[in-house]
Each structure stands twice: as C-alpha cells, then as structure tokens.
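Enquirer: The listed protein sequences correspond, in order, to chains D and P. Be aware that the first sequence starts at 1, since it is given in my numbering, and climbs by one per residue. Be aware that the second sequence starts at 1, since it is given in my numbering, and climbs by one per residue.
Source of the hints: derived by calculation from the structure; they are not laboratory data. You may find that some hints are simply not true.
To be verified - Under the rule of at most 25 Å between Cα atoms (straight-line distance), these lysine to any residue pairs were calculated in the SDA-like manner:
1. D:Lys311 <-> P:Val582
2. D:Lys611 <-> P:Arg529
3. P:Lys311 <-> D:Lys311
4. P:Lys601 <-> D:Asp312
5. P:Lys311 <-> D:Gly624
Here is how the chains run, residue by residue.
There are 2 protein chains.
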Amino acid sequence: MKPVSLKQVRLHDSFWSPYQKLVSDTVLPYQEKILNDEVPGAEKSHALANFRIAAGLEQGEFYGMVFQDSDVAKWLEAAAYSLWVHPDPALEQRAEAVIDIVEKAQQPDGYLDTYFTIKEPEHRWQNLLEGHELYCMGHMMEAAAAWYEVTGKDKLLRVAERMAGHIANVFGPDRYGIPGHEEIEVGLLRLYQVTGKASYLDLAMYFLNARGERPDFFKEEKARRDFSIFDMAPANTAYNQSFAPVREQSSAEGHAVRAVYLYRAMADAAGATGDEGLRKACRRLMDSIRNRKMYVTGAIGSSGELESFSKDYDLPGDRAYAETCAQIGLVFFAKSMLDLEPDGRYADLMERCLYNSTISGMQMDGKHFFYVNPLETNPGLSGEVFGMRHVLPERPGWYQCACCPPNLARMILSLGRCGWSEGEDTIFVHLYLGQTAELALARVAVESGYPWEGKVKLTVTPRERKRFMLALHVPGYLNSADFQVLCNGQPSDGVVEMGYFYLDRTWSHGDTVELSFPLKPRRVYGTVRCLDTVGKAALERGPIVYCFEETDNGSQLQALLLRRDAAIEEVLETGGVLAGTVTLAVDGLREADSDILYDTKPPARSAARLKAVPYYLWGNRGLGQMRVWLREG
Amino acid sequence: MKPVSLKQVRLHDSFWSPYQKLVSDTVLPYQEKILNDEVPGAEKSHALANFRIAAGLEQGEFYGMVFQDSDVAKWLEAAAYSLWVHPDPALEQRAEAVIDIVEKAQQPDGYLDTYFTIKEPEHRWQNLLEGHELYCMGHMMEAAAAWYEVTGKDKLLRVAERMAGHIANVFGPDRYGIPGHEEIEVGLLRLYQVTGKASYLDLAMYFLNARGERPDFFKEEKARRDFSIFDMAPANTAYNQSFAPVREQSSAEGHAVRAVYLYRAMADAAGATGDEGLRKACRRLMDSIRNRKMYVTGAIGSSGELESFSKDYDLPGDRAYAETCAQIGLVFFAKSMLDLEPDGRYADLMERCLYNSTISGMQMDGKHFFYVNPLETNPGLSGEVFGMRHVLPERPGWYQCACCPPNLARMILSLGRCGWSEGEDTIFVHLYLGQTAELALARVAVESGYPWEGKVKLTVTPRERKRFMLALHVPGYLNSADFQVLCNGQPSDGVVEMGYFYLDRTWSHGDTVELSFPLKPRRVYGTVRCLDTVGKAALERGPIVYCFEETDNGSQLQALLLRRDAAIEEVLETGGVLAGTVTLAVDGLREADSDILYDTKPPARSAARLKAVPYYLWGNRGLGQMRVWLREG
C-alpha cells in the first residue's frame with residue numbers, strides 16, 4: 001500500500017475542521033510570534049534569531065534548548081499543511097522568508113544546526129547522546145517534504161537533501177553513530193517518499209539497523225568527550241531504545257516520544273523494504289503498547305520520570321506523564337502500521353489517541369497547552385506534591401520547551417493523511433472524517449456525523465468503471481453485526497476481516513455507501529493487573545472517552561460511585577464549550593464527607609446524578625477536580 | 001506530673017520482653033560491630049574511628065555522614081537501657097571504653113563533633129542548617145542522661161554538661177542560632193531532668209523560643225558561608241519548622257523526624273515551665289497529626305520527598321515515606337503530652353505507633369530494617385518505579401545512614417518509661433504491659449494479656465495506706481461501658497474522663513484491680529477526603545492493625561474485596577513467626593485476572609477466604625504483595 005499524501009485530501013469535518021481553523025488562525029500565528037520573540041511576557045524563544053545568527057545575518061549568541069531549531073522546523077511543517085487547508089499567500093511569503101534564513105544558516109558542507117554552529121562548532125557530531133543534531137535535521141526534513149508536497153517549491157527540499165548528503169558522508173560503516181533522540185529516520189523516509197531516491201531509504205535503514213547494535217556506544221562516546229549538555233546518563237540504554245537491535249525489541253521502553261518516533265520509522269521502512277523482521281518487531285511493540293502500556297485515553301509514557309514508559313500495567317492516573325507529543329507519535333506509528341497491513345486495531349488505537357489524549361493537550365482557546373495528560377487531577381495535590389509535580393490541573397500558556405503545541409498543530413492540519421490507505425485494488429477508510437479524497441482508484445467524498453453520530457455517507461467516483469474493494473473500518477467497540485452498510489440504498493453484506501468491512505464491487509460514478517452503527521454509551525473496566533483502575537469504571541461512547549469534572553459533579557469526585565446497572569442518558573449539549581457534544585448522565589452515589597480521619601462507620605451513601613463530559617474538553621471550564629475512572633457500587 | 005524514669009520499671013511482658021531480648025542479644029551487638037567496622041561486607045561506618053581520630057588516639061580522616069556521631073550516641077543510650085533490662089558487665093565495660101574515647105574527643109572548650117573537629121575546624125557553628133552539631137550533641141546528652149540514670153556513673157554526664165556550657169556560651173541573645181535538625185532541645189531537657197539544673201531548661205527554652213523568630217536566618221547564614229555539606233535549600237523553612245515561632249504553629253510541616261523531636265521538646269518544656277502557649281501549640285500540632293496527617297498504622301511523614309509531612313489527607317499507601325524514626329519520635333511526643341495532660345487520645349496514638357509502624361521497621365531476626373513503612377507494596381513496582389523508589393518491599397540489612405535501627409533499639413529498651421505518669425495523687429497507666437513499677441505512691445505490678453487479650457491484672461502496694469487515684473487508660477476503640485473493672489474481685493464503677501477510668505480509693509497492700517475488655521476485630525474506614533483509602537476498609541483488633549499478604553492470600557491482592565457484613569474469625573496462631581498472635585479470617589471476593597487491558601465486561605467475582613496478619617509482622621515470610629486497605633464489596 002502507498003501512503004496517501006495530504007494534497008489528495010480535503011477535509012470538511014464538523015469535528016476537525018474547527019480545530020484546523022483554530023490552529024491556522026490562532027496557534028500558528030501565535031507560534032510565529034513566539035519564534036520571533038514578539039510576544040510580550042512569553043519566555044524567550046530566540047529560535048529564529050539563532051538561525052539568523054548562524055546565517056551570519058545578525059550578531060549574537062545561541063539561546064534556548066539544544067533542540068530549539070526543531071521549533072522552526074515544526075512550524076514550517078505545520079505552515080505548509082496550513083497552506084493546503086487554508087491558503088494564505090501572506091503566510092506563504094513569510095514562511096519563505098524563514099526558509100531563506102534556514103538555507104543561509106546551512107553550512108557549506110550541508111550541516112545545519114544552529115546550536116553547534118554558533119556555540120560549539122568544534123563539537124559537531126561528538127555528542128549524539130544529547131546533541132539533538134540528527135533530531136533537528138530530521139524535523140527539517142519533514143518540514144521540507146511537507147513544504148514541497150504542498151507548494152511544489154523545492155528550496156527547503158534542497159536544503160534537506162544537502163543535509164542528508166552530509167549525514168551520509170559522516171555516518172555509515174566507517175563511522176558508527178545513532179541519534180540520542182530518534183527522528184532522523186522519519187525525516188529521511190519522508191525525503192524518500194517525496195523524491196523516490198533510494199539513498200535516503202538506505203540512510204534511514206542504516207540508522208535503524210545501527211540502533212542497539214553497539215549498546216555501549218553512548219558510554220564510549222561520553223568517555224571520548226569532555227563536554228556535556230544535560231549530563232545525561234549514557235547507561236540508560238532503554239531511554240533511547242538502544243538496549244537491543246530494533247528487530248529484537250518486544251517491549252515499548254524508555255522515553256515514549258523517542259520510542260514511537262522510532263517505531264513509526266520502523267513501520268515505514270518495513271513498508272518500503274518488505275523487511276519482515278522490522279514488521280514483526282513493529283507488531284510486538286504495538287502489542288506491548290496497546291495491551292500493557294496505554295491509558296484508556298490512548299495516552300502513553302506513564303512514568304513521571306524521564307517522560308518514559310513504565311512497567312507493564314503501571315498506569316497511574318494521577319501521576320501520568322502521558323505527553324501530548326507521545327500520543328501524536330503514536331497516531332503516526334498507528335497510521336504507518338495501517339499503511340503496512342490493514343488491521344482495524346491500529347485504526348481503533350489511532351482514533352483513541354486522536355479523539356482523546358492528543359487534543360486534550362490544547363485549550364479550546366488555542367493558547368494554553370498540556371504536555372502532561374493525566375486521567376485524574378486533584379487541585380491542591382496535582383502539581384504540588386511529590387510524584388505529582390509534573391501533573392498540572394490547568395493548561396499553562398506556551399512553554400519555552402515548545403514541543404507539544406507545534407506538534408499538535410502539524411497533526412491536526414495533516415489529519416487528512418491519516419484517514420486513508422490505498423492498495424492496488426483496495427481503498428481503506430480508517431477514519432470517518434467529513435472529507436473528499438482524490439485517490440488513484442476513485443474520488444471518495446465522505447459526509448460524516450462522527451464522532452457523535454454513527455452515520456457516514458460515502459460517494460464513490462471511480463477513475464474508471466472498475467472492480468475494486470472499499471474497506472471500511474469497523475470500530476472495535478462495535479459488534480460487527482451492528483455495522484450496517486447500504487450500497488446505493490440496498491443492504492450490502494461484505495466480508496468483515498481484521499476490523500474492516502470489505503465491499504467488493506464494480507464501482508460506477510456516484511455510487512453511494514451509507515454506514516450506520518449505534519454509538520451507545522458503554523462502561524469500560526481495566527484488568528485487575530492495573531492497580532490504578534481496579535474497582536473502577538470509565539465511560540465511553542463511540543471513540544470518545546469521558547471524564548467527570550468538579551464543575552458538573554461538585555467537589556470530592558473520589559466520593560462518587562457509578563451504579564453498575566443504571567442506564568446512561570445521552571445529552572446533546574447546546575451551549576458553551578460543550579456545544580455540539582454528547583455528554584452522559586447516569587445515576588450514582590455520593591459518600592458523605594467526614595472530618596474523622598479513621599472511623600469504624602463507613603461513610604453514608606446518598607443518591608447522586610452524575611455527569612460525564614468528553615475527556616478531551618476537560619479543564620476548559622475552570623479549575624477543579626477531574627477523573628476518568630470512578631468507583632462502581 | 002513527673003515523668004517516670006526507666007529505673008522505676010521492670011518489664012516482663014509476653015509481647016515486648018522478647019523484643020527487648022532481641023535488641024539486647026542481636027541488634028546492639030551487631031551495631032557495636034558496625035560502629036567498629038567489624039562486619040565484613042557491611043558499609044563502612046567509621047563512627048568510632050572518627051571519635052578516636054578527634055581524640056588524637058589515631059590518625060586518619062573523618063568518614064561518614066556529617067551526623068555520624070549520633071550513631072555512637074544512640075548506641076550508648078540504648079546500651080544504657082540494655083544494662084537495666086539485661087545487666088551485662090562486659091557490655092558496661094565496653095561502653096565505658098567508648099565513653100572514654102568520647103570524653104577525649106571533646107575539645108577543651110566543651111565542643112564535641114568529630115566532623116568539624118577533624119575536617120573543618122574553622123567552620124564550627126557556621127552551618128547550623130546542615131552541620132548537625134547541635135543534633136549530635138543533643139543525642140549525646142540523651143545518652144549521658146540515660147547512662148547516668150542507669151549506672152549512676154557521671155563521666156558522660158560531665159561531658160554533656162561541658163557541652164551544654166559551651167553551647168550556652170556560643171548561643172543566646174548576643175548570637176542567634178537554631179539547629180537545622182532539632183534534638184538539642186530534647187537533650188538539654190533530659191539533662192535538666194537528671195540534674196535539676198535550671199540553666200539547661202533555660203538553654204532549651206532559648207532554642208525553642210528562637211525557632212521561627214528569624215525565618216530568614218538560614219538564608220542569611222548561607223549568604224555568610226562559602227562552604228556547604230548537602231547544598232540544602234535554606235528557603236524551605238517548613239522543612240526544619242522555622243517558618244513561624246513555635247507557639248504560632250498549627251500544622252505539622254516539614255521533615256517529620258525533625259518535627260516530632262521539636263514537638264516532644266515543646267511538650268516537655270511546657271511541662272517544666274507551665275508555658276501555656278507551648279502547651280496549646282502542642283495540642284494543635286498533635287491534632288494536625290492525628291486528624292489529618294497520620295496513617296492508620298500511626299505512621300507519619302507521608303511524602304517521598306525530603307521525608308516530610310505532605311498536605312492534609314495526602315496519605316498514599318504505596319508511596320508512603322513513613323520513616324520508622326518519625327513514628328518513634330511520635331511515641332516520645334505522645335508520652336510527653338501524657339506527662340503534660342492526661343488525655344487518652346495520646347495513649348491511643350502511642351499504642352497505634354508502638355504496635356504497628358515502629359516495630360514494623362525491624363525484621364524478626366533483628367538484622368534487617370525498614371526506614372520506610374508503606375501500607376501497600378507491589379514487588380516489581382515498589383522500589384522500582386518513579387514515586388516508589390524509596391518504598392522497599394523487603395527489609396534490607398544495616399544502612400550506612402543508620403538512624404532507624406538504633407532508634408528502635410532505644411525505644412524498645414526504654415519502653416518501661418512510656419507506660420506511666422505519676423501526679424501528686426494519681427498514678428496513670430497508659431499502656432498495658434506486663435511490668436512492675438516502683439512509683440512514689442505505690443508499687444504497681446501488672447500482668448497483661450495485651451495486645452492479644454483484653455485481660456489485665458494490677459496489684460497495688462501503696463507506700464503507705466493512703467487515698468489516691470489509679471487512672472487506667474480506656475482504649476479509644478472501646479465503648480467505655482465495655483471496660484470492666486473489678487477491684488479486689490468486686491465490680492468497681494469509677495469515673496471515665498478523657499479516656500481514663502479513675503479509680504479513687506484508699507489503697508491497701510495487695511489490692512488487686514482486674515480489667516477486662518473485649519478485643520473484637522473491627523473494620524476501619526478513612527474519610528473520603530483521603531484519596532487513597534476511599535472505598536476501602538482496614539481491619540483492626542485491639543491496638544493491632546492488620547494487613548493482607550500474598551503468602552496467605554495469593555497474588556493480585558488488588559483483586560480482593562472484603563465483604564462488608566461478613567463475620568471476622570479470630571485465629572490464634574501457633575507456628576512460625578506468627579506464633580502467639582491473633583490473625584483474622586474473613587469472607588471476601590476475588591476478581592478474575594484478565595490479559596485484556598480494557599474490557600466492557602467487569603471482572604467476574606468469586607468467593608475467597610481472606611487472611612489478615614498483624615501489620616508489624618509483614619515481610620517476615622518472603623517477598624510478596626502486602627496491603628493494609630482492601631476494597632469492600
């Protein structure tokens with residue numbers, strides 16, 4: 001199968017289009033101001049100034065994180081997508097001015113990293129553990145591929161190709177090296193996708209194959225150098241997934257963002273090369289995440305230490321790290337797996353992340369962001385006591401280490417890419433977004449009531465009258481019998497396999513496929529292996545995970561219980577930030593407050609009507625407790 | 001009321017005498033070897049070597065923690081108590097040899113601290129925040145008072161008095177100073193108790209009054225010095241209780257051991273001076289602990305960060321710090337409160353600590369110790385993942401920072417002091433230990449089945465035929481109507497006030513008082529304000545808190561539920577480490593294991609017979625899960 005490119009898809013979705021507008025109208029312009037240090041009171045970024053200094057356009061010192069360059073790259077990438085979604089010649093012009101600076105900052109040999117160029121030119125490539133050079137260049141490659149795809153202009157692409165050429169000269173059989181933070185692999189594979197040049201695939205394969213081949217590499221590197229950036233421990237080989245060759249890895253370990261960026265590249269590389277070892281490793285790693293290391297919201301990286309995966313089933317809700325960027329990386333990994341092999345469980349997982357723990361990272365004003373996406377917050381403890389200092393109960397503004405907001409921006413603006421895969425004789429529909437896709441086999445127009453309604457209508461316009469399959473994702477929360485398909489108004493009984501309904505027919509101009517499936521609220525239970533959720537239930541409806549907030553349910557959410565058998569009422573909200581969403585109301589119990597710390601009488605219980613709202617919207621209505629899981633009784 | 005001294009009491013208690021034997025036979029000799037660096041494989045202590053070097057008896061460098069001297073002091077104090085409990089001329093001789101070295105290490109001006117004497121003599125008294133000089137000297141004063149009380153020999157007492165004189169010369173109105181770790185106040189008050197010299201009380205009052213008077217003191221001190229030991233933040237004035245004058249403090253804050261050492265001194269000083277402000281502050285701080293900051297086991301200092309109190313009701317079981325030393329300090333604080341004012345709640349709290357979270361610190365072999373006393377452990381997570389690294393699921397051997405083992409030793413060996421207070425016309429019995437006390441009003445001999453049986457017999461031999469009151473603690477878990485008292489075989493109806501049964505009569509030689517009260521197992525519930533215990537119950541019987549261990553209940557303790565109304569069966573154990581204890585058996589439920597992380601079906605439940613064992617014995621039968629609180633259902 002071939003990945004579908006963004007320019008094949010136009011989104012007009014009642015759920016996502018407003019998000020895209022918010023990003024284009026608010027997030028990107030705000031980030032642009034940040035990059036230019038034009039937001040009074042915001043932490044200094046200096047990211048563009050670093051490029052200007054490295055380009056010799058102005059005098060000054062490097063300022064910011066060692067990976068500050070990636071902020072510019074991610075903004076450029078998102079800006080490219082934005083131009084496709086919301087054409088804007090002025091933005092295009094400003095972005096081109098940035099690209100001009102980036103080009104000038106590139107060194108004659110193709111090297112491009114402002115930290116080392118300005119600050120420590122003598123230390124180039126000597127601290128791969130901490131230096132983030134390959135990480136930043138990988139992001140610039142992604143930006144270049146996006147810019148080229150959308151605008152057809154190749155200035156940044158040529159920068160990226162010179163970069164790739166330089167990297168190929170530095171690393172290889174004669175000089176071993178792997179990045180301390182994966183991303184170059186993805187960047188090279190994107191370059192390969194847009195140019196078709198095998199050398200980029202080869203270089204990506206080099207980095208994939210090299211990882212874990214010499215587990216002591218970072219230790220040796222550290223022994224050779226007399227400088228340090230973070231004083232990072234090279235012995236923690238799990239942190240950057242260098243503990244074993246990638247084909248031998250079975251458990252998702254270490255820094256979650258690093259991990260899923262690697263896994264995505266492994267999946268893309270497996271697709272490009274047919275490498276079975278990589279494909280099998282990807283499957284095992286996906287299983288590790290999905291079956292043992294993922295929150296019900298799709299969030300990953302539960303450890304508050306080093307933004308990492310923890311042990312199997314260790315998924316504390318109130319101490320979650322669950323970084324927005326990790327979930328975004330997981331969306332991309334899942335999409336790459338779908339391009340590799342159609343398995344509806346990947347689409348389920350992608351949905352779970354998209355509708356819950358990715359967009360929960362952004363306030364609906366587009367100006368406040370969570371890095372950490374907990375499943376339970378308790379103001380007074382969250383953000384304040386040991387083990388929870390990283391868990392903020394409200395979204396703060398832009399951070400200096402601004403990885404998550406631009407990452408969200410690029411995910412949201414490029415979402416059109418995620419909904420489709422296309423094979424020789426099959427069109428796969430992974431996500432039910434309102435959109436029109438220009439595919440090789442057909443134009444497919446989709447109208448969708450998703451995620452609030454299980455009603456989707458597809459209109460298929462084949463390039464020519466031809467027999468091929470339309471493979472429609474059957475959400476994993478459904479019984480496949482409940483997935484009803486009408487083709488041109490007639491019941492259609494395709495084959496359901498691995499989570500897809502295969503509709504095999506000879507298609508004619510204007511054929512319609514209407515899907516309807518029930519989105520009934522449901523209770524979800526964690527395995528007892530998961531200490532944090534035992535005895536509790538969460539509520540879901542369609543792809544949406546719900547949570548309980550203090551503003552709807554009063555204080556002391558921990559005192560509330562769901563009644564196991566009570567009917568769950570669906571309420572279509574009409575006002576405020578909840579407008580247009582379906583919230584849930586259900587009978588429950590409240591245990592009485594007491595100032596007696598330990599008592600021989602259990603707390604008295606009284607009836608309570610509970611309200612659950614979509615998790616992704618939590619924290620948009622003031623400070624208060626929040627929790628996804630409630631006790632049942 | 002006057003505190004009762006150890007030499008007035010002989011213990012012959014079926015519960016505690018074996019502990020005293022274990023300490024005298026095993027813990028103290030082992031610690032003695034440690035102090036002498038004679039245990040192969042153990043971390044180097046060097047504590048006695050430091051004294052020898054400071055004494056000029058040998059050459060070398062200081063080694064160990066800055067407070068290493070206190071190990072020797074605590075050993076000497078415990079050795080003194082041991083000589084009372086188990087006379088041992090050889091031990092006495094060896095301890096005297098140590099005292100000789102300590103005396104020689106004292107400087108001509110009375111200063112005694114081997115760290116500064118050997119290593120940084122120019123920095124004496126310049127780093128009170130970190131230096132621990134007053135802490136170590138306070139412990140040496142406690143040792144001196146104990147040694148003098150038990151042996152009547154005053155060599156160490158004279159060392160202590162010279163120390164006190166030196167300190168009085170250094171600190172006072174002309175030079176402000178307070179210790180970064182409280183203890184000198186207790187030491188000085190002990191010196192005052194055994195010598196009656198008001199100057200020691202005055203100096204203790206100086207340090208109490210000075211604390212919090214200049215909240216910026218440690219900051220100013222740090223600004224003055226150009227050296228550091230721990231790089232401790234002087235801004236954290238809660239850590240060492242210097243955020244406010246002690247009479248204005250209402251919430252137990254900061255490092256829990258520091259806090260309760262301070263509070264004990266405040267209570268002792270309030271008793272010695274009649275200071276109402278101190279007494280009221282002690283009451284408020286006691287309420288803060290008992291009502292909002294104490295685990296059901298009596299443990300305190302719940303935060304894994306800085307061994308500190310956390311916020312009200314923040315009492316996580318699996319991330320508890322709950323340091324053994326903090327509970328020991330709380331026992332002493334409670335005893336001092338009982339000497340100040342008879343309130344049965346202090347005796348309840350003392351019992352709760354004594355029978356649960358103090359002795360849980362020691363393995364029944366006397367060779368392995370917990371600093372941290374969690375209420376829940378999950379091997380694989382405990383001690384291994386973020387937020388739980390400090391929570392070990394098994395007791396390790398002796399630590400280099402050996403504060404808790406010798407502290408336990410001195411508490412256990414001096415327990416006789418804790419059971420009694422005596423006023424002009426009242427004898428208070430706080431603890432039902434098998435013992436004989438030689439008090440001013442009478443000799444009282446006690447036979448006790450406690451804590452397993454609610455049967456206690458007291459035989460009173462008054463010094464002269466005289467009317468006075470015997471005030472008998474009515475445990476807080478009883479209805480006072482269930483506390484039955486026979487005097488010379490006849491039902492006796494005294495007055496119950498503030499948790500004491502006052503038996504007012506003219507006593508004759510050989511009068512007997514027989515107490516009987518039911519020790520029925522009971523369920524305990526935490527307030528819903530406590531996030532960690534909500535929906536759960538713990539089991540208690542008499543003063544004993546119970547826990548569930550994997551060895552009795554199988555794995556996945558989190559899958560177990562107690563049935564709320566099921567009868568609790570009491571089982572008198574006859575074998576192994578549990579022999580002689582009462583364990584509990586109760587019907588419960590087990591939720592089925594599943595490898596499905598999130599499921600729409602709740603886990604199936606099946607009947608299970610559950611066994612609970614005394615918490616203090618946990619971890620004596622191999623590695624496995626443990627938890628005090630189980631869900632109810």
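Enquirer: Under the constraints set out in the numbered hints, which ones does this structure not fulfil?
Expert: Numbers 1, 3, in rising order.
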